[in-house]
Amino acid sequence: MIKPVLVALALAASTVVSAQSFVKGSLSIGLSEGATYTHLRTMNSHSDVIHDGNQEGDRDPLIVEYGLSKRWSIGLTTGGDLISVNPSTYYGFTTSKNKVTAITSEFTLDAAYHYFTDARIDLSLFASAGISGVTIKGRDGDRTYQYNACGPVARIGAKAKY
11 MIKPVLVALA
21 LAASTVVSAQ
31 SFVKGSLSIG
41 LSEGATYTHL
51 RTMNSHSDVI
61 HDGNQEGDRD
71 PLIVEYGLSK
81 RWSIGLTTGG
91 DLISVNPSTY
101 YGFTTSKNKV
111 TAITSEFTLD
121 AAYHYFTDAR
131 IDLSLFASAG
141 ISGVTIKGRD
151 GDRTYQYNAC
161 GPVARIGAKA
171 KY
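In our numbering, the protein residues as written are 11 to 172.
Hint data in this document are derived by calculation from the structure and do not stem from the laboratory. As the structure is a computational prediction, the values presented were derived from the model and not from experiment. Take every hint as true, because none was put in to throw you off.
List of simulated lysine-lysine pairs, BS3-like, C-alpha gap at most 30 Å:
#1 Lys147 to Lys109
#2 Lys171 to Lys80
#3 Lys34 to Lys169
#4 Lys169 to Lys80
#5 Lys80 to Lys34
#6 Lys34 to Lys171
Input sequences plus hints: build the corresponding full structure.
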């Protein structure tokens, strides 16, 4: 007996294959993987800046997008970044390792302008604003540490979908 979930997935896959990439009224849900170039600013409890600089990382967002017109869309994005940072530079503490992985999570509202679309390709520029958090957990010898912070996030960028 065929399970209803498998039938739904097969129908969704066949719809995606024959669907146009972006049109007014379209609703798309996507999971992607990519690179991020992030500006990180860390401050202590007295609002003194510890570090202010750029960092590269990996990004994996879940994106929901709705086509308002032939060129404009709005959406919601949630996801996270994995960024390898030097804790003594960004957070004011040291470990036996020079690098730790900072895991960010975020939720943003997005607006996009789709400057090129055809049956298979969609190229767009986007701007996003929302909230973000960062967590660093680790172990240094027999000592454990955890760092949590939150704040606003703003993104601009370009997307290409095929």
